[in-house]
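Respectively, the protein sequence lines represent chains A, B, C, D, E and F.
This note's numbering puts the first sequence at residues -8 to 53.
This note's numbering puts the second sequence at residues -8 to 53.
This note's numbering puts the third sequence at residues -8 to 53.
This note's numbering puts the fourth sequence at residues -8 to 53.
This note's numbering puts the fifth sequence at residues -8 to 53.
This note's numbering puts the sixth sequence at residues -8 to 53.
Incorrect hints may have been included.
As the list claims (entries may be wrong) - BS3-like mimics (lysine-lysine), calculated; alpha carbons at most 27 Å apart, straight line:
| id | chain 1 | residue 1 | chain 2 | residue 2 |
| --- | --- | --- | --- | --- |
| 1 | D | Lys38 | E | Lys47 |
| 2 | E | Lys47 | D | Lys47 |
| 3 | E | Lys21 | A | Lys21 |
| 4 | F | Lys38 | E | Lys38 |
| 5 | E | Lys47 | F | Lys38 |
| 6 | D | Lys47 | A | Lys47 |
Derived by calculation from the structure, the hints in this document are not laboratory data.
Number of protein chains: 6
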Amino acid sequence: MPTFHIEMFEGRSVEQKRELAAALTETTCKVLGVDAQSVDIIFTDVKTENWATAGKLWSDPR
Amino acid sequence: MPTFHIEMFEGRSVEQKRELAAALTETTCKVLGVDAQSVDIIFTDVKTENWATAGKLWSDPR
Amino acid sequence: MPTFHIEMFEGRSVEQKRELAAALTETTCKVLGVDAQSVDIIFTDVKTENWATAGKLWSDPR
Amino acid sequence: MPTFHIEMFEGRSVEQKRELAAALTETTCKVLGVDAQSVDIIFTDVKTENWATAGKLWSDPR
Amino acid sequence: MPTFHIEMFEGRSVEQKRELAAALTETTCKVLGVDAQSVDIIFTDVKTENWATAGKLWSDPR
Amino acid sequence: MPTFHIEMFEGRSVEQKRELAAALTETTCKVLGVDAQSVDIIFTDVKTENWATAGKLWSDPR
């Protein structure tokens, strides 16, 4: 039943998401002893103008 | 005060969202005894390449 | 595949959650034409001291 | 370590997000006594057709 | 309509939440030009054993 | 910058969370080419009475 929400900067390829979803699911099944069918992963692509750390947008120069 | 976040695959029409929001709110008010004004519903349209079950993206063939 | 997150003040009974989950799922299946098995609902019980509207905690007198 | 998720209607400018992120971070550091570096803020731009209050989409006339 | 979700380590007092909610709401109204009544803030208290950075739980020694 | 939210039924031990956080972070760094320091993982323990699939609470007999 584990449900993942993963927020990351936009720009990752479908291939990277495919590989990441497969690997994270495998790891989760091994550690928690759950069935792969019960693992859901939802990716959210975040624009750099929509994420700030230390009060500064990531679209701005650091 | 109930606040809903509903994630679903993109592609639902505005008409479906309108009907769903109205029906879910009515149901919630009836069961919880709250006022409609206190119910917020936020939909998130998720691309099939951003959702994986059992380690496989929904944009990939099953 | 619709996944619901529903935040509401703590204090609702299991019976209310049971009734609400059943009714919301039925409504969703009807409007979106999805299978009940694909609908997940996660409730979050929020303390009134953890929710503010208009800058005021709901645990404070209004 | 505070992590903010802020959902608001789409249409806010990058300048507004920049100003809001800076001000919210400063406020948070002052009240909680944390370092700015530990504060993350993620904005989500929500279409009016994806937000309903009282069972009515905000894209619909009120 | 802005809705905030703020996750932070458990242990903050109600007084800190009260002050933070008031200050964040005031800032948001000023920057976005919205009414205070439209601002909701939901705090989530997270145990240090439930938050990891760099693969290490915050309940573990660093 | 990837930030994970992982919801799962309550009952997992701190040891399982520790192992899972370490393994998921390592996998993420490898696939996305990011630094471990940029990966945050937040676990949410969900009671079975707060999660429903197919309209039925997981605390109820299936």
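Verification of the supplied hints:
Using a Cα cut-off of 27 Å, the hinted pair D:Lys38 and E:Lys47 is violated, with the two alpha carbons roughly 37 Å apart. With a C-alpha separation of about 44 Å, the suggested pair E:Lys47 and D:Lys47 falls outside the 27 Å cut-off, and the hint is violated. Between E:Lys21 and A:Lys21 the alpha-carbon distance is near 49 Å, which puts this suggested pair outside the 27 Å criterion. Between the alpha carbons of F:Lys38 and E:Lys38 the distance comes to roughly 16 Å, so the proposed pair stays at or under 27 Å and holds.
Of the supplied pair hints, the one linking E:Lys47 and F:Lys38 holds, its CA atoms being roughly 24 Å apart against a limit of 27 Å. The suggested pairing of D:Lys47 with A:Lys47 is violated, with an alpha-carbon distance near 35 Å, which exceeds 27 Å.
Checked against the numbered hints given earlier, this structure breaks hints 1, 2, 3, 6; the rest are met.
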